[in-house]
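Protein chains: 2
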Amino acid sequence: METLQREGSLTQVEIAGVTGLSAASISTLVRELNDEGAVRLEPSIRNGRRATLVSLPGQRGMLAGIAIGDRDLRVAVVASPAGDVLERTRLPLPFQHEPDETLARAARLVADLHTEIGRPVSDLRAVGVAMQAPVDSVSGQVGSESVMPRWSGVMLTEALQALLRVPVQLDNDANMSALGELRAGVLAGVANGCYLRASHGVSAGLVIGGEVFSGVSGTAGEIGHVTLDENGAICACGNRGCLDTLVGSRALVESVRGSHGDLRFTDLVTLAGRGDVGCRRVLADAGMHLGVAVAGLINLLNPEVIVLGGDLLMAQEWVLGPMQDSIERRALPSAAASVELRPSALGADADLRGCFVAAAQISSFHEPDSAHRAT
Amino acid sequence: METLQREGSLTQVEIAGVTGLSAASISTLVRELNDEGAVRLEPSIRNGRRATLVSLPGQRGMLAGIAIGDRDLRVAVVASPAGDVLERTRLPLPFQHEPDETLARAARLVADLHTEIGRPVSDLRAVGVAMQAPVDSVSGQVGSESVMPRWSGVMLTEALQALLRVPVQLDNDANMSALGELRAGVLAGVANGCYLRASHGVSAGLVIGGEVFSGVSGTAGEIGHVTLDENGAICACGNRGCLDTLVGSRALVESVRGSHGDLRFTDLVTLAGRGDVGCRRVLADAGMHLGVAVAGLINLLNPEVIVLGGDLLMAQEWVLGPMQDSIERRALPSAAASVELRPSALGADADLRGCFVAAAQISSFHEPDSAHRAT
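Those protein sequences? They're chains A and B, same order as listed. Under full-length UniProt numbering, the letters of the first sequence match residues 1 to 375, in that order. Under full-length UniProt numbering, the letters of the second sequence match residues 1 to 375, in that order.
Among the hints, erroneous ones may be present.
What the hints assert, rightly or not - Here chain B is said to cover these stretches of chain A; the calculated rule only asks that three of the stretch's residues, wherever they fall, bring their Cβ under 8 Å from a Cβ of chain B: (1) 148 to 159; (2) 208 to 215; (3) 334 to 348.
Said to hold, decoys possible - Label pairs and their calculated CB-CB ranges: (4) 341/A / 89/B: 43 to 49 Å; (5) 337/A / 231/B: 33 to 39 Å; (6) 341/A / 274/B: 34 to 40 Å; (7) 238/A / 20/B: 56 to 62 Å; (8) 343/A / 265/B: 43 to 49 Å; (9) 139/B / 100/A: 29 to 35 Å; (10) 233/A / 101/B: 49 to 55 Å; (11) 267/A / 337/B: 52 to 58 Å; (12) 337/A / 274/B: 44 to 50 Å; (13) 25/A / 85/B: 51 to 57 Å; (14) 343/A / 112/B: 56 to 62 Å; (15) 238/A / 238/B: 52 to 58 Å.
By construction, these hints were calculated from the structure, which means they are not laboratory data. By construction, the Cβ of each residue, glycine as well, lies at the ideal position given by its N, Cα and C atoms.
Turn these sequences into a full structure, and let the hints steer you where they fit.
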């Protein structure tokens with residue numbers, strides 16, 4: 001029951017996985033509880049197969065995930081953190097978009113998605129927000145003056161709570177992705193690990209002691225702003241020679257401007273795939289620099305698993321090889337031997353999946369058991 | 001009682017600190033337990049004042065701490081992890097000393113110290129060992145083939161247990177120092193922090209969730225081998241451009257060899273103190289590089305407190321200023337604003353103090369409560 005309280009709807013197989021009980025005991029338990037009316041059962045599709053979702057009767061309701069990037073906004077709704085996404089949408093955003101407007105849009109999209117699946121927005125219980133910037137998850141503010149500068153000091157949690165009238169949990173995209181992978185991906189059961197996202201920029205979500213580790217003000221894992229070159233290029237964060245200045249998408253397209261003209265990041269990756277040696281070299285160098293920073297993280301944290309996510313790492317053999325070489329050359333041998341690099345199981349959805357988990361956690365926190373039973 | 005079981009002898013003030021109970025309740029409790037014979041009281045001096053040590057009657061016995069460096073061996077014995085050091089000694093070691101011989105010497109010194117204070121060595125309950133090299137605290141082996149190469153693969157814990165016939169707990173010096181500062185120094189009550197030691201080399205002991213964090217194979221915190229310069233000098237670990245190659249004592253004396261001739265590290269520091277501008281510059285540059293690596297650690301871990309230990313950091317204003325400048329310029333502002341840099345409270349003894357704490361933990365583990373009661 002506690003498991004359902006925390007996770008919302010689950011299949012019997014998932015309940016067995018989370019609780020460690022046998023499938024047979026779960027089956028008996030669920031049947032008895034259903035006879036008593038203590039749980040409700042609902043047909044569903046999970047991983048392409050028919051399955052029965054088990055939930056607490058009072059706990060029905062929707063959860064939303066919102067991912068705010070510097071160029072786009074993704075919104076999705078689910079009936080439970082473990083459930084399939086019922087409806088989703090993606091909206092491109094203008095460069096340096098206005099926080100107020102973006103939050104209003106996000107709130108409107110959440111309402112629209114409810115309409116599309118035929119549920120009133122009053123069914124919404126909680127929202128998780130993943131932000132592509134350092135975030136103070138304690139105060140609910142965006143935590144850097146320089147990465148997404150217009151968002152600096154915006155009380156995002158408060159503003160969105162006012163718009164949607166439900167609890168909101170904010171974190172940065174890497175932490176949310178780590179939470180997603182921890183609950184239902186490559187980090188499941190891992191005590192000490194890390195989700196590494198390399199895309200337009202680089203960030204990491206740390207898992208320590210089986211939980212996402214945010215640090216004292218919520219900014220732990222900001223590997224993109226670790227200095228790799230003391231005298232390097234100026235970074236948006238105000239420092240010189242950050243990892244982001246060497247492997248961020250802007251740096252990569254800039255480094256082929258002389259030879260290839262104005263390419264977008266995706267063009268560069270496409271050309272590398274078609275055999276363009278210049279573009280392959282740029283990606284290989286990026287992999288090498290990434291490996292230097294990751295070796296530092298391995299020396300500091302000695303993790304079991306590093307999950308690779310983001311466009312640059314998910315499918316790019318040109319990046320991965322040099323990154324692994326670099327790690328082998330630069331991490332302490334015993335630490336390098338102890339770590340496994342694995343591709344993300346949840347892909348680009350890892351952050352939204354983490355949002356659902358975070359939303360479920362605050363929704364059960366804000367609505368105690370007795371309230372559910374009363375409905 | 002549990003507290004005493006874990007900590008050995010404590011004063012009433014210390015018991016109040018550890019348990020969170022009021023001084024008045026502790027006083028009443030201790031009086032009642034003493035009347036029943038459940039605890040024993042013993043006069044002592046603590047922080048220069050008279051104090052009564054409270055301990056469990058069966059738990060009397062000695063603990064030893066052994067710190068093995070690449071050039072010296074320090075050994076000390078106490079009657080409890082919180083007690084004052086009863087006797088100590090320091091022995092210089094030859095360059096690349098033989099593990100077998102060093103361990104035999106350490107065991108002999110532990111016995112000698114017992115003789116000096118007039119106790120049989122059979123009173124020894126457990127030993128903590130701090131090693132100046134990466135250590136696999138799980139297997140009890142020294143964990144790097146290249147830092148202190150002769151010790152690579154030595155089953156230190158096993159060997160010392162055979163010599164002293166008591167349980168032995170091994171960790172690297174920075175982790176042991178962090179444990180010492182956590183129990184009785186600057187890290188007391190800190191959830192997320194770090195002990196940073198800069199001396200002949202640099203290492204860090206991480207504290208996460210109020211405990212020393214060792215990583216999956218026990219080598220977490222190896223900041224000395226984080227790459228600062230991809231094309232830099234070769235390091236003993238086999239990598240290029242590690243922090244140690246820039247700020248280790250060997251690198252520092254090397255950088256003034258042309259201008260000042262053959263200096264030892266301590267000469268360099270002395271000359272800087274006397275106003276030698278070349279030596280000051282070397283220390284300032286070391287501080288700057290240290291700051292780059294520490295900023296990376298701050299970005300990754302967002303700690304509350306960093307404790308500064310080791311010769312290079314304890315008293316060196318020439319190092320600290322540039323290090324702090326470097327951190328301010330290179331760490332994310334919100335993470336830099338959240339961290340406090342504080343000098344070590346335990347100084348050069350932090351590692352031995354941690355050894356006593358570790359020894360007490362395994363001694364109570366190996367000797368269950370009932371055994372104590374029976375004596």
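Problem - Violated hints - listed by number, lowest first - result: 1, 5, 6, 7, 9, 11 and 15
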